[in-house]
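Trainee: Residues per chain, in single letters:
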Amino acid sequence: MFAGPPKIIESVVALLVPPAAREHVLGDLRERYAGTRSYLSDAVSAVPGAIAGRMLRITDWQVLAMEAGALYLSFLTAAWATLGAAYLCQHGDFLRLLLPVALALAALVVSDVYDSGARRTPVLAAGLGVGCAVALTEGKLALPAWILCSGGALGVVLISTVRMWFPPGGNRPRGEVL
Amino acid sequence: MAKADSLGQFEQLVLTAILTLREEAYGITIHEKVRELAHPKTISLGAIYVTLDRLEDKGMVASRLSDPTPERGGRAKRYYHLEGVGEIALQEAAVTAKRIWDVASEVWGRGWGREEGLCLPVRPK
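Residue numbers (numbering that gives the first Met the number 0), protein chains in the order written: chain A, 0 to 177; chain B, 0 to 124.
Keep in mind that the hints were calculated from the coordinates and are not lab data.
Incorrect hints may appear among the rest.
[As the list claims (entries may be wrong)] To be clear about the criterion: a stretch of chain A counts as covered by chain B if any three or more of its residues have a C-beta under 8 Å from a C-beta of chain B, and this derived list gives those stretches: (1) 50 to 59; (2) 63 to 76; (3) 93 to 106.
[Unchecked claim] So these bits of chain A aren't anywhere near chain B, every CB distance computed over 12 Å: (4) G3; (5) P4; (6) I7; (7) V43; (8) S44; (9) W79; (10) A80; (11) S110; (12) Y113; (13) D114; (14) W145; (15) C148; (16) L157; (17) S159; (18) V161.
[What the hints assert, rightly or not] Quick list of the computed label-pair ranges, beta carbon to beta carbon: (19) B:I99 / A:A33: 35 to 41 Å; (20) A:F165 / B:S62: 22 to 28 Å; (21) A:L14 / B:S65: 22 to 28 Å; (22) B:W111 / A:R36: 38 to 44 Å; (23) A:L15 / B:Q90: 14 to 20 Å; (24) B:T19 / A:G68: 42 to 48 Å; (25) A:L15 / B:I99: 25 to 31 Å; (26) A:C148 / B:V94: 34 to 40 Å.
By construction, the Cβ of each residue, glycine as well, lies at the ideal position given by its N, Cα and C atoms.
Modelling step: build the complete structure from the supplied sequences, incorporating the hints.
Mentor: Here it is in structure tokens:
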């Protein structure tokens with residue numbers, strides 16, 4: 000019988016490690032197990048690397064730039080239709096529109112990293128990003144909830160279209176080194 | 000002949016570890032070997048995973064999952080091996096390092112760097 004970490008701790012670490020790396024990373028951590036404290040220390044050192052490795056591997060920066068453009072266009076259209084160009088120029092809202100875009104992009108990248116091969120749901124990821132932005136409606140960077148919702152809905156349509164042409168992760172063609 | 004990407008210093012260490020470990024190159028053993036090679040620098044296990052992912056993405060190493068083992072809680076090991084491009088890149092890096100070593104030895108003297116630990120060059124008079 001081999002000693003191992005408490006189940007609860009191992010389950011939490013398993014949740015944090017991206018599914019594609021889960022098998023070998025958890026195995027490596029278990030092999031090095033020499034007590035709960037050392038296991039936690041190893042996990043803290045290994046998990047960020049496993050996440051970053053997966054993120055760099057599956058993220059296509061050109062497609063991410065296209066997705067950023069599509070999202071910004073969505074929020075810009077929603078803001079333009081609601082407030083008008085003059086209001087946007089006066090209040091510097093062109094820059095404030097970057098907040099929901101950044102949050103939605105971050106949510107998309109994280110959802111790709113933790114994707115386990117099931118059907119992708121950019122709706123969920125973009126929704127999460129917009130949700131975070133709505134949660135910040137009290138702050139200085141706040142945008143009206145209506146712009147966030149309509150811009151988010153348009154963004155989901157555009158992101159879905161981009162992802163139909165350029166599927167995320169391993170399905171994308173990769174460049175050869177030779 | 001195929002032209003390989005140039006390698007960073009850490010990538011060279013990881014490729015050298017895989018080269019020396021041969022059939023036994025997986026996360027833990029690679030980490031131990033890289034720590035040995037990079038002494039006295041501290042190397043985290045996470046840095047090894049990021050680099051292995053990057054090297055695999057560049058086509059310099061390939062990996063396969065082994066059968067699960069009980070000492071790993073029924074989890075598999077991911078074994079890595081060098082691909083041709085990785086071997087060429089490592090050879091180029093080694094040749095460059097050898098050239099640097101030769102020139103440095105000429106300037107700083109043959110005895111330079113023989114002792115383990117911090118090696119400060121002796122400036123020629």
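Trainee: Does the claim that S159 (chain A) lies off the interface hold, with its Cβ farther than 12 Å from every Cβ of chain B?
Mentor: 26 Å, holds
Trainee: Given as covered by chain B, does the stretch 63 to 76 of chain A meet the bar of three residues or more with CB within less than 8 Å?
Mentor: Since 0 is below three, the answer is violated.
Trainee: Mind verifying the non-interface call on A80 (chain A)? Its CB should be farther than 12 Å from each CB in chain B.
Mentor: Given that every Cβ of chain B is farther than 12 Å from that of A80 (chain A), nearest at about 42 Å, it holds.
Trainee: In this structure, is the beta-carbon distance linking T19 (chain B) and G68 (chain A) contained in 42 to 48 Å?
Mentor: Distance hint for T19 (chain B), G68 (chain A) holds at roughly 46 Å.
Trainee: Is 22 to 28 Å respected by the C-beta to C-beta distance linking F165 (chain A) and S62 (chain B)?
Mentor: 25 Å, holds
Trainee: How does the Cβ-Cβ distance of C148 (chain A) and V94 (chain B) compare with 34 to 40 Å: does it lie in that range?
Mentor: Given range 34 to 40 Å: violated, Cβ gap about 60 Å.
Trainee: For the stretch 50 to 59 of chain A, count the residues whose Cβ lies under 8 Å from any Cβ of chain B; is that count three or more?
Mentor: holds (count 5)
Trainee: Note whether the CB distance of L14 (chain A) and S65 (chain B) lies within 22 to 28 Å or breaks it.
Mentor: 24 Å, holds
Trainee: Are all C-beta atoms of chain B more than 12 Å from that of W145 (chain A)?
Mentor: 42 Å, holds
Trainee: Does G3 (chain A) clear chain B by more than 12 Å, comparing its Cβ with all Cβ atoms of that chain?
Mentor: 5 Å, violated
Trainee: Is the Cβ of P4 (chain A) more than 12 Å away from each Cβ in chain B?
Mentor: Per Cβ check, P4 (chain A) is inside 12 Å of chain B; nearest 9 Å; violated.
Trainee: Just double-check Y113 (chain A) for me: nearest Cβ-Cβ distance to chain B has to come out over 12 Å.
Mentor: The claim stands: Y113 (chain A) keeps its Cβ more than 12 Å from every Cβ of chain B (closest is about 15 Å).
Of the numbered hints listed earlier, those contradicted by the structure are 2, 3, 4, 5, 7, 8, 23, 25, 26.
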